[in-house]
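**Student:** Starting from the given sequences, assemble the full structure and let the hints guide the process.
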Amino acid sequence: NAGVTQTPKFRILKIGQSMTLQCTQDMNHNYMYWYRQDPGMGLKLIYYSVGAGITDKGEVPNGYNVSRSTTEDFPLRLELAAPSQTSVYFCASSPGQKPQHFGDGTRLSIL
Amino acid sequence: GQQLNQSPQSMFIQEGEDVSMNCTSSSIFNTWLWYKQDPGEGPVLLIALYKAGELTSNGRLTAQFGITRKDSFLNISASIPSDVGIYFCAGQIHSGGSNYKLTFGKGTLLTVNP
Chain W
20 NAGVTQTPKF RILKIGQSMT LQCTQDMNHN YMYWYRQDPG MGLKLIYYSV GAGITDKGEV
80 PNGYNVSRST TEDFPLRLEL AAPSQTSVYF CASSPGQKPQ HFGDGTRLSI L
Chain B
1164 GQQLNQSPQS MFIQEGEDVS MNCTSSSIFN TWLWYKQDPG EGPVLLIALY KAGELTSNGR
1224 LTAQFGITRK DSFLNISASI PSDVGIYFCA GQIHSGGSNY KLTFGKGTLL TVNP
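One line per chain: the protein sequences are W and B, in this order.
Residue 30 in our numbering sits at position 11 of the first sequence, and the numbers go up by one each step.
Residue 1165 in our numbering sits at position 2 of the second sequence, and the numbers go up by one each step.
Just so you know, these hints were derived from the structure itself, not from any lab.
Warning: the hint list may mix true and false statements.
Said to hold, decoys possible - For each label pair, taking beta carbons as the anchor points, the in silico distance ranges come out as:
{"hint": "1", "chain 1": "B", "residue 1": "Ser1245", "chain 2": "W", "residue 2": "Asn81", "range": "33 to 43 Å"}
{"hint": "2", "chain 1": "B", "residue 1": "Gly1179", "chain 2": "W", "residue 2": "Asn81", "range": "31 to 41 Å"}
{"hint": "3", "chain 1": "B", "residue 1": "Thr1231", "chain 2": "W", "residue 2": "Pro114", "range": "25 to 35 Å"}
{"hint": "4", "chain 1": "W", "residue 1": "Met60", "chain 2": "B", "residue 2": "Asn1238", "range": "23 to 33 Å"}
{"hint": "5", "chain 1": "B", "residue 1": "Gln1177", "chain 2": "W", "residue 2": "Ile73", "range": "22 to 32 Å"}
{"hint": "6", "chain 1": "B", "residue 1": "Thr1231", "chain 2": "W", "residue 2": "Ile73", "range": "29 to 39 Å"}
What the hints assert, rightly or not - Far from chain W, by Cβ distances over 12 Å, these chain B residues were calculated:
{"hint": "7", "residue": "Gln1177"}
{"hint": "8", "residue": "Glu1180"}
{"hint": "9", "residue": "Ser1183"}
{"hint": "10", "residue": "Asn1193"}
{"hint": "11", "residue": "Ile1210"}
{"hint": "12", "residue": "Glu1217"}
{"hint": "13", "residue": "Gly1222"}
{"hint": "14", "residue": "Thr1225"}
{"hint": "15", "residue": "Phe1251"}
{"hint": "16", "residue": "Leu1265"}
Unchecked claim - Derived contacts from chain W toward chain B, CB cut-off under 7 Å, selection only:
{"hint": "17", "residue": "Phe29"}
{"hint": "18", "residue": "Met60"}
{"hint": "19", "residue": "Val107"}
Since the model is a prediction, treat every value here as computed from it, not as a measurement.
Glycine residues also receive a C-beta, built at the ideal position from the N, C-alpha and C atoms.
**Tutor:** Shown next, in the form of C-alpha cells:
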C-alpha cells in the first residue's frame, strides 16, 4: 500500500522554466490537496480538489495550476518558475472529512 | 483567513521529561488534528479530535479539543529520542458544500537530549 506518492523528490529549476510535480494516491480518496511549506512556517494550501474534474484555489494559488482528470492523480504545474516558489511541496489526500494523508514532499529550488 | 497560534516555537528537553504544546485560534474549528513531521518526510497524523472537550490518547501522547472549540493541546509523556521532530496542529472546518480545509500552525520543533 503506497499511500500518497510524489515525484520527483528533488528538483532544481532555472527562473522562467516550467515543470509539473506529480502526485498519485492509491487509496481511492476523493479529496486531494497541494501545500507548500516554507522554513519556520506551517503548510499553506495552494489548490485542492474534491473529485475528478473539480479543482479550486486555496490560500496561495498564484503562479500554479492543477488538473484532476482521474481520482488517483493530481499534478501541480509551475509555468514560469520564480525564486519565490522555492519551497517544499506536499501533496495530500483524504476521504472527505477524515484526516489528510501526506506524501513525502518535493523539494524545489529555483535559481 | 484563519490563523492558528502554536506555541512554543521550539523546545529542548531531556529524555524522560514530559512535553506540552498548544494551539489557539480566534475562529472555531470542527476538528483538531495533530501531526508530526520527521526530517525529509511528510507530516504523519498522530491524533484526531472531533468533539469539543474530547480527550484522546495514542500511547504516550494525549491531546484535547478545547471546550470553546478554539484551542487544543498535545502532551507527550516520558519523552524518548525518537520523539524529535516538528509537531503541527491543524484545525479543520467544514466551509460549506464539500469543502473541508485545514489551517496549520507554524509548528513546534522538539529536540530531546538523550
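**Student:** A separate judgement is required for each hint: does it hold in the structure or not?
**Tutor:** Results of checking the hints against the structure:
| no. | hint | in the structure |
| --- | --- | --- |
| 1 | B:Ser1245 <-> W:Asn81: 33 to 43 Å | holds (39 Å) |
| 2 | B:Gly1179 <-> W:Asn81: 31 to 41 Å | violated (47 Å) |
| 3 | B:Thr1231 <-> W:Pro114: 25 to 35 Å | holds (28 Å) |
| 4 | W:Met60 <-> B:Asn1238: 23 to 33 Å | holds (24 Å) |
| 5 | B:Gln1177 <-> W:Ile73: 22 to 32 Å | violated (50 Å) |
| 6 | B:Thr1231 <-> W:Ile73: 29 to 39 Å | holds (34 Å) |
| 7 | Gln1177 | holds (24 Å) |
| 8 | Glu1180 | holds (24 Å) |
| 9 | Ser1183 | holds (19 Å) |
| 10 | Asn1193 | violated (8 Å) |
| 11 | Ile1210 | violated (9 Å) |
| 12 | Glu1217 | holds (14 Å) |
| 13 | Gly1222 | holds (17 Å) |
| 14 | Thr1225 | holds (17 Å) |
| 15 | Phe1251 | violated (6 Å) |
| 16 | Leu1265 | violated (6 Å) |
| 17 | Phe29 | violated (10 Å) |
| 18 | Met60 | holds (6 Å) |
| 19 | Val107 | violated (9 Å) |
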